[in-house]
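Participant: Next come the chains, spelled out residue by residue.
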Amino acid sequence: MSRLSRWFDPGPLPAQSESRGRDSGLTVLGCLGAAALLWLIEAQGGGYVVHMTTLAGLFAVLAISYNLINGVTGQFSLEPNAFVACGAYVTALLTLSPAEKEMTFILEPLVWPFAVISLSLPVALVIAGLVTTLMAFVMGFPVFRVRGDYLAIVTLGFGEVIRVVANNAQSVTNGPLGLKGIPHLTNIWWAWGLAAVTLFVVMRLVNSSYGRALKAIREDEAAAEAMGINAFWHKMLAFTVSAFFEGVAGGLLGHLITTISPSLFTFFLTFNLLIIIVVGGLGSTTGAVLAAVLFTFGGEWLRVVEEPISFLGLDIPGIPGMRMVVFSLILMAFMIFARQGILGKHEFSWRWLLGLVRRRGGRA
Amino acid sequence: MLEVKGLEVRYGGIVALRAVDLTVGRGEIVTLIGANGAGKSTLLGAVSGLVRPAAGQVFYQGKPVAGQKAHRLSRQGLILVPEGRRVFANLEVEENLILGGYFRPWDRHQRQDLERIYADFPRLAERRHQKAGTLSGGEQQMLALGRALMSRPALLMMDEPSLGLAPLLVAEVFKIIRRIRDDGVTILLIEQNAAAALTIADRGYVLENGRVVLGGPGRELMADGRVQRAYLGMD
Chain A
0 MSRLSRWFDP GPLPAQSESR GRDSGLTVLG CLGAAALLWL IEAQGGGYVV HMTTLAGLFA
60 VLAISYNLIN GVTGQFSLEP NAFVACGAYV TALLTLSPAE KEMTFILEPL VWPFAVISLS
120 LPVALVIAGL VTTLMAFVMG FPVFRVRGDY LAIVTLGFGE VIRVVANNAQ SVTNGPLGLK
180 GIPHLTNIWW AWGLAAVTLF VVMRLVNSSY GRALKAIRED EAAAEAMGIN AFWHKMLAFT
240 VSAFFEGVAG GLLGHLITTI SPSLFTFFLT FNLLIIIVVG GLGSTTGAVL AAVLFTFGGE
300 WLRVVEEPIS FLGLDIPGIP GMRMVVFSLI LMAFMIFARQ GILGKHEFSW RWLLGLVRRR
360 GGRA
Chain B
0 MLEVKGLEVR YGGIVALRAV DLTVGRGEIV TLIGANGAGK STLLGAVSGL VRPAAGQVFY
60 QGKPVAGQKA HRLSRQGLIL VPEGRRVFAN LEVEENLILG GYFRPWDRHQ RQDLERIYAD
120 FPRLAERRHQ KAGTLSGGEQ QMLALGRALM SRPALLMMDE PSLGLAPLLV AEVFKIIRRI
180 RDDGVTILLI EQNAAAALTI ADRGYVLENG RVVLGGPGRE LMADGRVQRA YLGMD
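So the protein lines, in turn, are chains A and B. The numbers in numbering that gives the first Met the number 0 rise by one with no breaks, and the one at position 78 of the first sequence is 77. The numbers in numbering that gives the first Met the number 0 rise by one with no breaks, and the one at position 5 of the second sequence is 4.
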């Protein structure tokens, strides 16, 4: 265990049943506090901060769902960019008005069902989520025949296939030109509302007996099978649940940035999510949320290092790209000193927080 | 209870088991001894569904089961305790035990089973909320046994339960194995520690290069000159 995740280790905890009532109360209070904070940001923060907060919410959704398959179930897969792309395209094609679509698709007209329908955002999001789930389901059969490094390579290939398809299926995706003029419908409440739902569903799943089985597969797949756990269907469960939320988040992402094109959904998206869940602590759902927020805002805070700095009478001109250097250094430091991530495999809970306060407070 | 007929397993071009015949009767402790690479673990793998046999038949409670998947067989009470314990290191002791009864609904009976296992293995009760990976080797072996018992086995197959344990602990493990049998569980045991295994076994088989070369009651095998020279270290 690294020093950082050890710091977050509260030691033995009291039994869960002792404090259920108190915990639910605290959770309600926590949710109200978070809602008040979001309201404050929306009212006072200004356009840029609101945009970043919304983006952080969507990244939290993506990180939670990606962590379900990669961290909790331990299936190292690299396909979320495909699911996000699928969700984004399906939602956008369903919500754009027929007139708008006719204007966008100049090279080749849009195919039939999409060309004439125009749905409201919630309906479109649900459909996008289901389409993405179906895609994950079909993909799961070949993909989960392999494990470990091979699984990573196969899923990476799938992600790339989806991008290439998006680039070339002119009559569905408008090719490299992408889709423009998507209505800006995603706000802070959509993003963080979805994050709350995702967090709730995934936490319930992880803490159920299914979740325990998923962790058992991560720890030792053969031993899990010997316990009567059907590893294939459990992986499929985690995979499809994670795909659903990634698809919906993709849809919201499209309606936040209003323009989508295949270049948005390259491997770099997956790569960023991977950094987030590793930094948060692989297998820790709440760690994923924490890291998603840090990652989204961190990139902006680091812009400081690119500005001209006057230090002890020494004038250093601004160096563009410097923040990526600093970012990489921080990541390297993380992997050397805190390989387990911020929370390790711990999970935020009130029980955990109070235990930590007691232990840290007692020592001070 | 278990009948294996003409079982053959290949890994690629290598034949790991050839024409193996073996029976285990209800309520027996049967042991399988042999050197490294004799095919002992392969045999357990083939019976429990982890390895697909190339030829031959396996009957469990009179029904042919060769080629069935492991997670199906374990639901019928055919439980394997794999070599090297294989506990879920990052899960708590109690979670490990609960996973043992995964395919049964979590109800009063399961809770009773859990309490019984805690009564049988007090060390596990003390450490129920500790991560399994932090247990000592002996405790992990107890946990692996407890986890298997949570599945309510009819036939329990154990792959080298004494591996890497101190002699005192080995004696303890074998005492527990005997107690499990007395509770009505049939046991098929693989061991390198031939002396200890043959002492508690009703019958035994000797496996060499993928073939059964000897079989008979435990005492008889212990008295056999070839077994004494090859596995018991006597001249």
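Don't read these hints as lab results, they were simulated from the structure. The model shown is predicted, which means the values in this text are computed figures rather than measured ones. All C-beta atoms, glycine included, are put in the ideal place defined by N, C-alpha and C. Each hint should be verified, as a subset may be incorrect.
As the list claims (entries may be wrong) - Facing chain A, a subset of chain B residues (Cβ under 8 angstroms, in silico):
(1) F58
(2) G61
(3) V64
(4) G66
(5) Q67
(6) H70
(7) R74
(8) L79
(9) G99
(10) W105
(11) Q109
(12) Q111
(13) L167
(14) A170
(15) F173
Participant: It remains to establish, for every hint, whether it holds in the given structure.
Facilitator: Hint-by-hint comparison with the structure:
1. F58: Constraint on F58/B not satisfied, violated at 20 angstroms.
2. G61: This interface hint is violated because 21 angstroms lies over the 8 angstroms limit.
3. V64: Violated, because the Cβ-Cβ distance from V64/B to chain A comes to roughly 14 angstroms (cut-off 8 angstroms).
4. G66: 15 angstroms, violated
5. Q67: 12 angstroms, violated
6. H70: 5 angstroms, holds
7. R74: Constraint on R74/B satisfied, holds at 5 angstroms.
8. L79: Constraint on L79/B satisfied, holds at 5 angstroms.
9. G99: Since the shortest Cβ distance to chain A is 6 angstroms, the answer is holds.
10. W105: With a closest approach of 7 angstroms, the W105/B hint holds.
11. Q109: It is violated, given that the least Cβ distance between Q109/B and chain A is near 11 angstroms, above 8 angstroms.
12. Q111: Nearest chain A Cβ about 18 angstroms off; hint violated.
13. L167: Cβ of L167/B sits 26 angstroms from chain A, so the hint is violated.
14. A170: 26 angstroms, violated
15. F173: Interface hint status for F173/B: violated (22 angstroms vs cutoff 8 angstroms).
Hints 1, 2, 3, 4, 5, 11, 12, 13, 14 and 15 from the list above are not met by this structure, while the remaining hints are.
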